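Single-letter residue listing:
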Amino acid sequence: MSFIELKKINKKYENAERNSVTDFTLNIEEKEFIAFVGPSGCGKSTTLRMIAGFEEITGGDLYIDGKRVNETAPKDRGIAMVFQNYALYPHMTVEKNIGYGLKNMKVPAEEIKKKVDWAVDILGLEEYRYRKPKNLSGGQRQRVALGRAIVKNQKVFLMDEPLSNLDAKLRVSMRNEISKLHRQLGTTTIYVTHDQVEAMTMADRIVIMKDGVMQQVGKPMDLYEHPINKFVAGFIGSPQMNFYNVTVKGEEMTFEDGKKITLPDVVAERLADHQGALIMGIRGEDIKVDEQNRELYKANVQQAVVENTEVMGNENNLYFTYGGSLTVARVSKYELSQMGDKLEFVFSPTKMHFFDKETEENILEK
Amino acid sequence: MMKKKKSNTIMGMAFFGPALVLLTIFLFIPMILTLIFSFTDYFALSPSLTHFVGFENYGKLFKDELFLQSFFNTVKFVLIILPCQGLGALGLALLINKVTHCKKYFKVAFFVPVVMSLAVVSTLWMQIYSPEGILNTILGNLGINAQPFIHSASQALPSIALMSVWQGVGYQMIIFLGGLQAINPALYEAAEMDHASSWQKFKDITLPELKPLCVFVFITVTIGAFRMIVQPMVMTGGGPSHSTYTMVYNIYETGTVNWEIGIASTMAIVFAIFVMILTVIQSILTRDKEDKNVNKKAKNG
Amino acid sequence: MLTKKQKTANWILVIILLIASLFFLFPVIWMLANSFKGDAAITADMNTIKAFIPPALNGNFFDNYVTILTDTKFLKYMLNTLFYAAILIILGIIVNGLAGYALAKIKFPFRERWVLIILLLQIVPMETILTIHFLMIAKVGLLNTVIGYILPMIVNPFNIFLFRQVFISLPDDVYEAAQLDFCGPLKYFFTMVLPMSKTVVATVSVFTFLNVWNDYLWPSLVFTSSDLLTAQIGLNSITSNDNTTMGQTLAVITLITIPVIIIYSLFSKQIVEGVTSTGSKEG
Chain A
5 MSFIELKKIN KKYENAERNS VTDFTLNIEE KEFIAFVGPS GCGKSTTLRM
55 IAGFEEITGG DLYIDGKRVN ETAPKDRGIA MVFQNYALYP HMTVEKNIGY
105 GLKNMKVPAE EIKKKVDWAV DILGLEEYRY RKPKNLSGGQ RQRVALGRAI
155 VKNQKVFLMD EPLSNLDAKL RVSMRNEISK LHRQLGTTTI YVTHDQVEAM
205 TMADRIVIMK DGVMQQVGKP MDLYEHPINK FVAGFIGSPQ MNFYNVTVKG
255 EEMTFEDGKK ITLPDVVAER LADHQGALIM GIRGEDIKVD EQNRELYKAN
305 VQQAVVENTE VMGNENNLYF TYGGSLTVAR VSKYELSQMG DKLEFVFSPT
355 KMHFFDKETE ENILEK
Chain B
-3 MMKKKKSNTI MGMAFFGPAL VLLTIFLFIP MILTLIFSFT DYFALSPSLT
47 HFVGFENYGK LFKDELFLQS FFNTVKFVLI ILPCQGLGAL GLALLINKVT
97 HCKKYFKVAF FVPVVMSLAV VSTLWMQIYS PEGILNTILG NLGINAQPFI
147 HSASQALPSI ALMSVWQGVG YQMIIFLGGL QAINPALYEA AEMDHASSWQ
197 KFKDITLPEL KPLCVFVFIT VTIGAFRMIV QPMVMTGGGP SHSTYTMVYN
247 IYETGTVNWE IGIASTMAIV FAIFVMILTV IQSILTRDKE DKNVNKKAKN
297 G
Chain C
653 MLTKKQKTAN WILVIILLIA SLFFLFPVIW MLANSFKGDA AITADMNTIK
703 AFIPPALNGN FFDNYVTILT DTKFLKYMLN TLFYAAILII LGIIVNGLAG
753 YALAKIKFPF RERWVLIILL LQIVPMETIL TIHFLMIAKV GLLNTVIGYI
803 LPMIVNPFNI FLFRQVFISL PDDVYEAAQL DFCGPLKYFF TMVLPMSKTV
853 VATVSVFTFL NVWNDYLWPS LVFTSSDLLT AQIGLNSITS NDNTTMGQTL
903 AVITLITIPV IIIYSLFSKQ IVEGVTSTGS KEG
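Chains as they are written, first to last, in our numbering: chain A, 5 to 370; chain B, -3 to 297; chain C, 653 to 935.
Next comes chain A alone, as it looks inside the complex (with noise of 0.2 Å):
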C-alpha cells in the first residue's frame, strides 16, 4: 500500500450544480513531493483541504498510512500543515508560535527548546526569535510558518499556495529553502501551487488538475514533453507552447491561412486515423531559426516578419504570426532578429504534439 491513497475522492458542495473534484484518485509513495497545480478554481487547494481533514470528503476514500482517514479529526492525521497567508498566532512571539503545537503534546520543556532550537536554526530565524508576527516580513512569516510545520515530526507536510504572498525573488530563494528542507528531512509533502515553475522545479511528481479533474499526472518532464492532453501543453512550460488550427491530409498539414507543411513518413502514419481538422502544438524551442536546422529540413523552411523580441539575457524570445496564430520561438542570444525582420525557420518535426479538436486529447500520446 502506498503512504497515501486517494480513490476516488469527490467533493460536492451542497447547493452546488457540479462538484468541486471528481474521482480523484492518487497513490502517493513515502519522502515524494507531489505538487497539485492548476488554475484558479480547479481544486487544487480543496483537494489538499480534504486530504487535511478540514473539508469534508462527499465521496471515496482517503488513506494515510495505511489508515482509513475520512472521519478522522485533522489533529489525529499525523499532518502539518503551512497556509498560505501564515494563519500564525498574532499574540506569541516566533519561538512560541513554533513552540506552540509540542506544549499541547505534552512535550517535556528542555525537549520543546531543542526542537524549537533547531528549527529556528534551520530556517535562519534566530535573529527574530522574540518577536511577533507583525513585525515581521512576509518571508520570515513563512518560515516561522514552516517552523511550526517541522518540529512536530509529523508524517505529511501540506502547504497550500505557500508562496504565492511573496515578491519573485523571495519566490525563488523561499522555493530552493523548501527544497532543500525537503531533502534533509524526507517527509511526503503535498504542494499546492497555481504557479507550474514552482510545481516544474521543486516536485518529484506533478498532477494537473483542471474543473476538479485530474488531467495528468507524472514527472515534470513527462508532463513536459508528454503532455496527454491540449490543456496540460498549454498550462507546463513557459513561454506557453505554440497552437495552430490545421488540417491534416496525408502528408500534408495545411495551416489556417493556406501555408503547407510536409510531414514526415513517421507522423503523417500516427495520424492516418485522424485525418482533418486537428489542433498542432509546438514549443517555442521547438522552432528552429539556426542555419543548421534550416538546411536539414529546407523542405519544410517557412517564413515570418518578426513582431516583438524579447531579451532574457541567456537566450531570446521571437514573437510573430503564422498561421493564423501568435507564435513565439525561443531562440539563442546571438539570434539578433530585430523588429520587422524576415525572418526563416522550421518547425522542428518530431516535436510536434496534435491534439484532437473536440477532445483535445494528445493523438501522439494515446
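I should point out that these hints are in silico values taken from the structure, not numbers from a laboratory.
Accuracy of the hints is not assured; some may be wrong.
Stated by the list, open to error - Derived lysine-lysine pairs resembling DSS-like cross-links, with alpha carbons at most 27 Å apart: (1) C:K839 - A:K119; (2) A:K107 - C:K850; (3) C:K759 - B:K2; (4) C:K921 - B:K94; (5) A:K16 - C:K759; (6) B:K103 - C:K659; (7) A:K302 - A:K253; (8) C:K921 - A:K138; (9) C:K839 - A:K136; (10) C:K657 - B:K100; (11) A:K35 - A:K119; (12) B:K197 - C:K659; (13) A:K79 - C:K759; (14) C:K657 - B:K199; (15) A:K71 - B:K2; (16) C:K656 - B:K99; (17) A:K11 - B:K1; (18) A:K223 - A:K11; (19) A:K223 - A:K35; (20) B:K100 - C:K656; (21) A:K110 - C:K839; (22) B:K94 - C:K656; (23) B:K99 - C:K657; (24) B:K1 - A:K16; (25) A:K302 - A:K355; (26) C:K839 - A:K118.
Keep in mind that this is a model prediction, so the values were computed, not measured.
Given chain A, work out where chains B and C should sit, using these hints.
Just chains B and C now, with coordinates in the frame of chain A:
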C-alpha cells in the same frame, strides 16, 4: 461526514449553551410568563387564588384612570424630550462640527451630564430645582418669581423632561458627530464647485446623508423617553398628583409594590407592544430611505 | 484659506458655543463648588457668584468628603459595586463571548435563527420583566444575595451581538493551524480568540461596568440589607438621612461620578466604537 456535523453541533451547544440556558430562564420564560400572567388576576400575596380572566385585564386597563394618566404622561414626556433632545443633539453636532477651535472641549463639556447616572442627576437637580435653589436664585436676579418646578403638578413633568434632555443630549450629539464625520468631504467640494450656498449644502448634502442616523437617533430617544422611571421615582415619587407618573413607573409599582402581577403584566405587554412598534417603524423608515436612495440613483443613472 | 468674514464668523460661533456650554455646565460647576461647603456657606453664597466658586482652601476644605468616606457606608457601597462589576465582567465575557463565538464561527443547527433572535431581543424593554426576575430570585431564596443580583444580569444579547460582529472577522486559518497544534476549541477561545480581540473585550467590559455602576432599579429590588447595597442605592440611603447636609449630598454624588469619569476618559475610544456599531445599519 455525519461525524463532523455532529461534532460541530456538540461544540456549538457547548459554547452557546450557557448563554442559552440563561436566556431561557431570564428572558424567554419571563416574557412568556408576563404574557400568561396578563390573562390572570395573579396577586403575589395570595397566589393560590389566581384565575384566568382572559382579556378582562386589557379591557379594564383602558378604562383605568391611573393607567391612562400614566400613558398620557409618558406621551407628554416624549413630546418634550424628542424634539429638544433630538434636534438639540443635531444642532450641537452641526455647530461643533463647524467650529475650528476648542472642539475637544465642547465635545467633553456637553458630554459630562451623560456620564452621571440617573440617580445622581435626579439628586442633583432636586437641589437645583429646590424653592431656594440656585435656579430660582438666578431667576430671581432676572426679575422672575420663584418657581415651584417639581413641586407643582403643572411644572413637574416639564422640569423632569428638560432635566432629562440636559442629561441625554450629549450622547446623541456624539452619535451625530460621528455621522457628520462620515460624510464624504468630496460631496461638499463638488457642491462648492456648483456654487451652492451654505444653506443649500446643508439642505442637499448634510440632511440627506444624515437621514438614516436621524431616524435611528429619534427612535432611540423616543424609546428611551418611553422607559422613564428612575427620575420621577427619585425626585417626585410620581407626583405631585401623579403628574410625573409614567407607564413604566406604573408597571413597576403595580408589580413590585402592590404585587398585582396580573395587571402589571398586562401593562407590561401593552407597553412592550408600543416600544416594538416604534422599533419596527424605525427599521422600515431606515430601510425605506436606503432603498429609495438606491432607486433614485439608479433612475438618474 | 478662510476669509476674514469666515474667521470672524468662526470666532462668534466659538463664543456662542462657549456660553452655551457654560449654561450647560452650571449645574455641575455648582455641584462641585458647593460640595466643599457647609450648609451655612451654601445658603449664604447662593445669591452671589460665589455659588459657583469653591471655598478657600483651608483645613475644612475636604470635610464633607471625609465625613462621607468615614462616617457613612459609602466606601463599602463603592467597593461592593466594584466587586459586583468585576464578577459580572468576567462571567459576562465567558458566557456572552462563548455565545458570540458560536454564533460567529461554529456551524451548528439553527444558528442563523438564533442570530435573528439575539438581534430581536435587544428591543425588549428590560423594565417589563424586572418583577418576574424578582419573583424568580425570591422563589429560590436568593433575595438579598450577590448571586441573586448577578444571575439575571450575566447574559446580555447586546454584548453577544458585539462579540459576534468582531469574531466573524477572525481568520479561519489560524483556528485550523491551532487545531493541527492540538489546541482544543475551548482552549482556543480563551488563549487565542480573546487575546486577538482585545478591543471588543475592553468595550464589553466597560459597558458592563457602567451598566452595573449606574444600575438603579434591579439592585433596589434585590438588596435589602445595607451591607450589600450598590453605590446608587446607597446614595439614596445617605441622602435621605436627616443628618446629611446638602454639601455632603453634593459630595456623595460627586464621589459616585468619579469612577465613571475615569472610565470614560480611559476608554473613550472603545465606548465610541461600541456606540457607533449599534448606530450602523443592520443586515
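Hint by hint, here is what the structure shows:
Taken as a hint, the K839 of chain C and K119 of chain A pair is honoured in the structure, with Cα atoms around 23 Å apart against an allowance of 27 Å. The suggested pairing of K107 of chain A with K850 of chain C holds, with an alpha-carbon distance near 24 Å, which does not exceed 27 Å. For the hint linking K759 of chain C to K2 of chain B, the alpha-carbon distance of about 10 Å falls within 27 Å, and the restraint holds. Between K921 of chain C and K94 of chain B, the direct Cα distance comes to roughly 22 Å. Compliance with the 27 Å bound is thereby established for this hinted pair.
Distance check on the hinted pair: K16 of chain A and K759 of chain C sit about 18 Å apart at the alpha-carbon level, within 27 Å; holds. Taken as a hint, the K103 of chain B and K659 of chain C pair is honoured in the structure, with Cα atoms around 21 Å apart against an allowance of 27 Å. Distance check on the hinted pair: K302 of chain A and K253 of chain A sit about 21 Å apart at the alpha-carbon level, within 27 Å; holds. With a C-alpha separation of about 22 Å, the suggested pair K921 of chain C and K138 of chain A falls inside the 27 Å cut-off, and the hint holds.
At most 27 Å may separate the alpha-carbon atoms for a hinted pair to count; K839 of chain C and K136 of chain A meet this at roughly 21 Å. A hinted pair counts as satisfied when its Cα atoms are at most 27 Å apart, and K657 of chain C with K100 of chain B qualifies at roughly 24 Å. The straight-line distance between the Cα atoms of K35 of chain A and K119 of chain A is roughly 21 Å, inside the 27 Å bound, and the hint therefore holds. A distance of roughly 19 Å separates the Cα atoms of K197 of chain B and K659 of chain C; the hinted pair therefore holds under the 27 Å criterion.
A hinted pair counts as satisfied when its Cα atoms are at most 27 Å apart, and K79 of chain A with K759 of chain C qualifies at roughly 19 Å. For the given pair, K657 of chain C sits about 22 Å from K199 of chain B by alpha-carbon distance, which is consistent with the 27 Å threshold. Under the criterion of a C-alpha separation no larger than 27 Å, the hint pairing K71 of chain A with K2 of chain B is consistent with the structure, at around 22 Å. For the proposed pair K656 of chain C and K99 of chain B, the alpha carbon gap of about 20 Å is at most 27 Å, so the pair holds.
For a cut-off of 27 Å, the pair hint linking K11 of chain A to K1 of chain B stands: about 23 Å separates their Cα positions. Taking the CA atoms of K223 of chain A and K11 of chain A, the gap is about 20 Å. The hint holds against a cut of 27 Å. Only pairs whose Cα atoms come within 27 Å are accepted, and K223 of chain A paired with K35 of chain A is accepted, the gap being roughly 15 Å. Between the alpha carbons of K100 of chain B and K656 of chain C the distance comes to roughly 24 Å, so the proposed pair stays at or under 27 Å and holds.
Under the criterion of a C-alpha separation no larger than 27 Å, the hint pairing K110 of chain A with K839 of chain C is consistent with the structure, at around 15 Å. Annotation: proposed proximity of K94 of chain B to K656 of chain C holds, straight-line Cα distance about 16 Å (limit 27 Å). Our distance criterion of 27 Å between C-alpha atoms is met by K99 of chain B and K657 of chain C, whose separation comes to about 20 Å. Annotation: proposed proximity of K1 of chain B to K16 of chain A holds, straight-line Cα distance about 16 Å (limit 27 Å).
A hinted pair counts as satisfied when its Cα atoms are at most 27 Å apart, and K302 of chain A with K355 of chain A qualifies at roughly 17 Å. Taking the CA atoms of K839 of chain C and K118 of chain A, the gap is about 25 Å. The hint holds against a cut of 27 Å.
In summary, the structure agrees with every hint in the numbered list given earlier.
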